[in-house]
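A.B. asks: From first to last, the protein sequence lines stand for chains W and L. Final position of the first sequence in the working numbering is 222; the numbers increase by one with none missing. Final position of the second sequence in the working numbering is 222; the numbers increase by one with none missing.
To be clear, the hints were calculated from the coordinates, so they are not data collected in a lab. Be aware that one or more of the hints could be misleading.
Pairs count within a copy or across copies, as identical chains cannot be separated in the list.
Straight line, CA to CA, 20 Å or less: simulated PhoX-like cross-link-like pairs of lysine-lysine [to be verified]:
id, residue 1, residue 2
1, K161, K139
2, K66, K53
3, K142, K222
4, K161, K106
Protein chains: 2
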Amino acid sequence: MFQRRGIMLILSSPSGAGKTSISRAILRQDANIQLSVSVTTRPKRANEVDGVDYHFKTVEEFNQMRDAGMLLEWAEVHGNFYATPKAQIDELLDAGKDVLFDIDYQGALQLYETCQEDIVGIFVLPPSIKELKHRLERRADDNEDVINRRLKTARQELREWNKYDYVIVNNDLEKSCALVTEIINAARIARRRQVNLPQFVSDLQDELESFLK
Amino acid sequence: MFQRRGIMLILSSPSGAGKTSISRAILRQDANIQLSVSVTTRPKRANEVDGVDYHFKTVEEFNQMRDAGMLLEWAEVHGNFYATPKAQIDELLDAGKDVLFDIDYQGALQLYETCQEDIVGIFVLPPSIKELKHRLERRADDNEDVINRRLKTARQELREWNKYDYVIVNNDLEKSCALVTEIINAARIARRRQVNLPQFVSDLQDELESFLK
Numbered sequence: 010m011f012q013r014r015g016i017m018l019i020l021s022s023p024s025g026a027g028k029t030s031i032s033r034a035i036l037r038q039d040a041n042i043q044l045s046v047s048v049t050t051r052p053k054r055a056n057e058v059d060g061v062d063y064h065f066k067t068v069e070e071f072n073q074m075r076d077a078g079m080l081l082e083w084a085e086v087h088g089n090f091y092a093t094p095k096a097q098i099d100e101l102l103d104a105g106k107d108v109l110f111d112i113d114y115q116g117a118l119q120l121y122e123t124c125q126e127d128i129v130g131i132f133v134l135p136p137s138i139k140e141l142k143h144r145l146e147r148r149a150d151d152n153e154d155v156i157n158r159r160l161k162t163a164r165q166e167l168r169e170w171n172k173y174d175y176v177i178v179n180n181d182l183e184k185s186c187a188l189v190t191e192i193i194n195a196a197r198i199a200r201r202r203q204v205n206l207p208q209f210v211s212d213l214q215d216e217l218e219s220f221l222k
Numbered sequence: 010m011f012q013r014r015g016i017m018l019i020l021s022s023p024s025g026a027g028k029t030s031i032s033r034a035i036l037r038q039d040a041n042i043q044l045s046v047s048v049t050t051r052p053k054r055a056n057e058v059d060g061v062d063y064h065f066k067t068v069e070e071f072n073q074m075r076d077a078g079m080l081l082e083w084a085e086v087h088g089n090f091y092a093t094p095k096a097q098i099d100e101l102l103d104a105g106k107d108v109l110f111d112i113d114y115q116g117a118l119q120l121y122e123t124c125q126e127d128i129v130g131i132f133v134l135p136p137s138i139k140e141l142k143h144r145l146e147r148r149a150d151d152n153e154d155v156i157n158r159r160l161k162t163a164r165q166e167l168r169e170w171n172k173y174d175y176v177i178v179n180n181d182l183e184k185s186c187a188l189v190t191e192i193i194n195a196a197r198i199a200r201r202r203q204v205n206l207p208q209f210v211s212d213l214q215d216e217l218e219s220f221l222k
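Chain W on its own, in the form it takes in the complex (with noise of 0.2 Å):
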């Protein structure tokens, strides 16, 4: 009913606990989100498009944005730069639209240091270690050491759920996929993201003067 302001909603989870899976769900279901662009100093891959898969900078035009305050969070993973430009997602939220970030504790907890008022933070739990396990074992092309490496970084991962504004279980994909939609209407009218509720609110209180002159 009013103009509001767009939502940063932030998913994260360990691997294999099906953050991937809830986010490709909602961004099928809801035409008004849209999923965070990257950027990164990595090598682009032949299936990948330049913005919209990552925006693709050289490392020198990388450390020109961060040295610019044009990134909202940066991480090194494994020698490349990833990172959210800031006037992208702040353009998106002015014009009412939500964006949806899938990535992981270091770079939510970054976002929520500089964009408290913005986020909807998500953390998606498995149900337990062993399915996450089955889950991970059941992806063909990770081998046991990757699998190994996914488990050692959860450890890193489980440490933060508390940092996020709701916590997950995710026992079901569709109702995983039901408590986030349910979680993103009720903060998609939230108080501070109605942007014209001033207006209307000091409008009613001139109405009402005018009636009890």
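Starting from the known structure of chain W, fit chain L onto it as the hints suggest.
C.D. replies: Chain L only, in chain W's frame:
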């Protein structure tokens, strides 16, 4: 899925904006929400039941409760005292029951001061003052003096809209109730209300360590 702490759901609005209609609909549709029963020193009316409509107390009893810190908020209205008893609310919230408060902004602001983490506050606005006046005029029992007094009170109430978590413009009762339901559903799964979550994560961490050994 987890044991959770109940919500203190506060609905406030200028008289006639629809707070009471919304409250009634929500209480009817959701068995886990109950209306907070206030303490009052005003005389019991013939159709009222002690402990259901109010907890009726003498002024002396009321003062004792207040001085002993047994009240979450209190106010004097037209020479009578009204208050929210702390013990009963705590008991309900601990048991995972949600409690609805159909109270004015003075009570709401006191509750926000003492119970911030438990509260979800919704301020209900009328679409216009003209419509608000129409609604007040349709109430057969209110004469012009009463209506004017209510409009004057609305002047104070409207100033407090920005203290609440959510603001709803009540154009349509059904739509407003649907919004309130989404707000409640999201609030119920907020991390801070999932009281068993720390134990659940701790168990996951133990399980993970046993896999990584």
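A.B. asks: Indicate, hint by hint, whether the structure satisfies it.
C.D. replies: Checked hints:
no., hint, result
1, K161 - K139, "within (14 Å within a copy, 63 Å between copies)"
2, K66 - K53, "within (10 Å within a copy, 74 Å between copies)"
3, K142 - K222, "between (71 Å within a copy, 14 Å between copies)"
4, K161 - K106, "neither (36 Å within a copy, 39 Å between copies)"
Violated hint: 4 only; the structure is consistent with all others.
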